[in-house]
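Chemist: Chain C is fixed; fit chain X onto it per the hints.
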Amino acid sequence: MSKSDVILKIENLRKLFPAERKLFGKVNLFVHAVDGVSYEIKRGESLALVGESGCGKTTTGKILVGLYEPTSGRVLIEGEDVTPYLIQNKKQVREYLKEMYLDKFKKGETSSTEIDQKMYELYKKLGENESAFINHFMKDRGKKMINLRKKVQMIFQDPYESLNPRMTIYDIVAEPLNIHNIGTIKEREDKVEELLASVGLTPPDSFLFRFPHELSGGQRQRVAIARALILNPTFVVADEPTSMLDVSIRTGIMKLMMKLADEYDMSYLYITHDLAVARYMANKIAVMYLGKIVEMGDIEEVLHNPLHPYTKALLDAVPVPDPEHKRGEPNIKGSVAKPINPPPRCRFYDRCPFATKECEKLPHPELKEVAPNHWVACHVVAGDVKAK
Amino acid sequence: MENRVVLKVENLKMHYKTKRGYVKAVDGISFELGEGESLGIVGESGCGKTSVSMTILRLLPENAEFKGGHIYFDTGNGPIDLVSLPEDEMRKYRWKGISMIFQAAMNSLNPVYKVGDQIIEAIQNHYPDVSIDDAKKKVAELFELVGLDPKRMEQYPHQYSGGMKQRAIIAMALSCDPKVIIADEPTTALDVIVQDRILKEMKKIQQKLNMAMIYISHDIAVIAEVSDKIAVMYAGKFVEFADSVTIFKKPAHPYTYGLMHAFPSVVGPKTELTTIPGEPPNLLDPPKGCRFAPRCPLATKECWEKEPEYREIEPGHWIACHHPLKVGEVVKFDEQK
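Protein chains in written order, with my numbering: chain C, 10 to 397; chain X, 10 to 346.
Hint data in this document are derived by calculation from the structure and do not stem from the laboratory.
Keep in mind that a hint or two might mislead.
[Said to hold, decoys possible] Pairs of lysine-lysine, PhoX-like flavour, derived with a Cα cap of 25 Å: (1) C:335 <-> X:259; (2) X:209 <-> C:321; (3) X:123 <-> X:160; (4) C:116 <-> C:100; (5) X:217 <-> C:335; (6) X:213 <-> C:321; (7) X:209 <-> C:335; (8) X:209 <-> C:342; (9) X:279 <-> C:335; (10) X:160 <-> C:342; (11) X:212 <-> C:342; (12) C:321 <-> X:279; (13) X:279 <-> C:268; (14) C:51 <-> C:268; (15) X:213 <-> C:342; (16) X:258 <-> C:335; (17) C:268 <-> X:341; (18) X:213 <-> C:335; (19) X:123 <-> C:347; (20) X:160 <-> C:347; (21) C:264 <-> X:341; (22) C:321 <-> X:212; (23) C:335 <-> X:212; (24) C:51 <-> X:279; (25) C:107 <-> C:153; (26) C:264 <-> X:279.
[Claimed, not checked] Derived DEER-like restraints, expressed as beta-carbon distance ranges: (27) C:184 <-> X:216: 53 to 63 Å; (28) X:116 <-> C:313: 35 to 45 Å; (29) X:96 <-> C:174: 31 to 41 Å; (30) C:193 <-> X:29: 36 to 46 Å; (31) C:184 <-> X:314: 40 to 50 Å.
Where is the CB? At the ideal position from N, CA and C, for every residue including glycine.
Isolated chain C, as found in the complex (with noise of 0.2 Å):
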């Protein structure tokens, strides 16, 4: 497998929200939003991220495109590196790479992973020189930035708040080319023109001078999506882009991103609730719970065979549109909590009907492979700890 199979790649990634506010001291509480989260997506796959609300599949999302810098972990996009531009600090870049690379490399770690092996050679090449492999990344990292939203774009969860209500929908769609300075004014009209026409919007010119309150909330979303596709990103964050959309007009958005995928060659990040349209989105599934993923998968396997009593108890929890249908009772305890400095045991602990005595004592079980292509983080499931 070349190194361009895999899209997207995330290791181990942490983001913490301080919980309290303090004048003077550290600050103690955090909430921990995602914590330790790691996948992988590959060429023509698309990844579903389904969970309660506050679970931190939002944030996960959000630290993909650069609106969240991330409190520690890798991102890997088309096997390059791309953390050291997600996080803002320069001193915590330097502190990123010294301890993911500089420190390794002086160990004589050198060829763990395809990429350490890749920042290796890097290394060596600038001569095995410390400062000049941390200058590497400290030069223009603003154009970086930017390089990177070239290829990670984002479709926002309200089209009636995602949309600038004082531009015309032609500036909306093109302020993306502006921005990356892609093309004359004639080339970025045609290929406005070309988008509007590959969401449906038709005849195209016929919105260009629009402004978004004259749109109903699908056109919109499909106005949202022509933005975010018109750089050609290799993957794109969805934030339950249907989700605001009555059911009649939902359908469309979700066949139209379908198609939009295959053309364009693209993955989907598709970040849910609802796991009947993750079912239709994705072909693989991650299903988070307080910020950890609890059970990962071929989104088939995982929704026929459901091993972790947390999905479960979502899929019985899923009201069913035949009145005849009897379904399970959702066999779960409590509600959400706030992950704030939460006990090192299982997250779900304290919600889950299986709990034994030594779940408490262990820690937050690791994601285990149980079928092929299907992981989860379970010590009943693993069959570390024996069922009660």
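Modeler: For chain X alone, kept in the frame of chain C given last:
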């Protein structure tokens, strides 16, 4: 099983006056609701489903104009027409007779009052003779009924989670022992697991108190879970009405069919999703004939010109369509239309 009818709505019409003319939000709605029955009204945003409930409770903005119809409510000694009542008489029935669970309930609690006090206020407003202690007792009972710890009466809304606020709102709607409760999107903003619990709770309470319920939602799956009868609303009118099994097993209106097939399924066979082309009509100037005709693949000349009559095609199954679907008929929506 013939139930006593508690609410009967006849040819209800309510339009909003705007600068550009009348928005025909409720345009000839009729239905009957029996004791202990639940009716689900399903439709897209802007189809007028919330306006129906607001018209029944007469909680309308200034630009709303009542255009006719009757709302018969059974008070216990014979039905009375709520439409004919002056405002001060109407107040007697609002909340005591018919109460409502509002959309976005989490925001309908006052943040600076204790939750318990807000419900006590509602009770004392309608029953001025009830002492504070009795009202408190009543609220504690209600809290138990909806699954909240009565100790939480002394807490403020911000100390509640979303699901708990929703339960408090349900307790408030129940506070004056209404005969009918209208629940407008009661679980839309909640997570699935919480939604599941609230829906089950509401169903249990409804059966226990033998109340009539009207559920309003855009989510046909939620409606399917809680309603005995379902009304499908489109552009200010009911287009189909039947018991819920009939609606799902043999939908006769193409719009109902389209709505049902637009829902992706979680574990069932992965079928092709239906997209209904176009958008709901502008209610300022709805199409002359059938309001669904511009989006309907079966529309004929007749549909464009003549409005279909709302008629009973079999006992208890009402429909407004010139070309009702046969059982098992497949409709192909043309997405390019």
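Chemist: Each hint should be assessed against the structure and marked as holding or not.
Modeler: Here is how each hint holds up against the structure:
1. C:335 <-> X:259: Since the Cα atoms of residue 335 of chain C and residue 259 of chain X sit roughly 19 Å apart, the hinted pair holds (cutoff 25 Å).
2. X:209 <-> C:321: 18 Å, holds
3. X:123 <-> X:160: Distance ~11 Å between residue 123 of chain X and residue 160 of chain X Cα, so the pair holds.
4. C:116 <-> C:100: Measuring from Cα to Cα gives roughly 23 Å; hence the hint holds.
5. X:217 <-> C:335: Since the Cα atoms of residue 217 of chain X and residue 335 of chain C sit roughly 21 Å apart, the hinted pair holds (cutoff 25 Å).
6. X:213 <-> C:321: Roughly 24 Å between the alpha carbons, so the hint for residue 213 of chain X and residue 321 of chain C holds.
7. X:209 <-> C:335: Distance of about 13 Å is within 25 Å: holds.
8. X:209 <-> C:342: Distance of about 15 Å is within 25 Å: holds.
9. X:279 <-> C:335: 19 Å, holds
10. X:160 <-> C:342: 20 Å, holds
11. X:212 <-> C:342: Holds: residue 212 of chain X and residue 342 of chain C sit about 20 Å apart, inside 25 Å.
12. C:321 <-> X:279: Measuring from Cα to Cα gives roughly 19 Å; hence the hint holds.
13. X:279 <-> C:268: Measuring from Cα to Cα gives roughly 17 Å; hence the hint holds.
14. C:51 <-> C:268: 18 Å, holds
15. X:213 <-> C:342: 19 Å, holds
16. X:258 <-> C:335: Roughly 16 Å between the alpha carbons, so the hint for residue 258 of chain X and residue 335 of chain C holds.
17. C:268 <-> X:341: 19 Å, holds
18. X:213 <-> C:335: Cα-Cα ~16 Å, so holds.
19. X:123 <-> C:347: 23 Å, holds
20. X:160 <-> C:347: The hint holds at about 22 Å.
21. C:264 <-> X:341: This hinted pair holds, its Cα atoms lying about 16 Å apart.
22. C:321 <-> X:212: 23 Å, holds
23. C:335 <-> X:212: Holds, at roughly 15 Å.
24. C:51 <-> X:279: 23 Å, holds
25. C:107 <-> C:153: 20 Å, holds
26. C:264 <-> X:279: The hint holds at about 14 Å.
27. C:184 <-> X:216: 53 to 63 Å: Check passed, 55 Å falls within 53 to 63 Å.
28. X:116 <-> C:313: 35 to 45 Å: 38 Å, holds
29. X:96 <-> C:174: 31 to 41 Å: 39 Å, holds
30. C:193 <-> X:29: 36 to 46 Å: 41 Å, holds
31. C:184 <-> X:314: 40 to 50 Å: 46 Å, holds
Comparing the model with each earlier hint shows no violations; every hint is respected.
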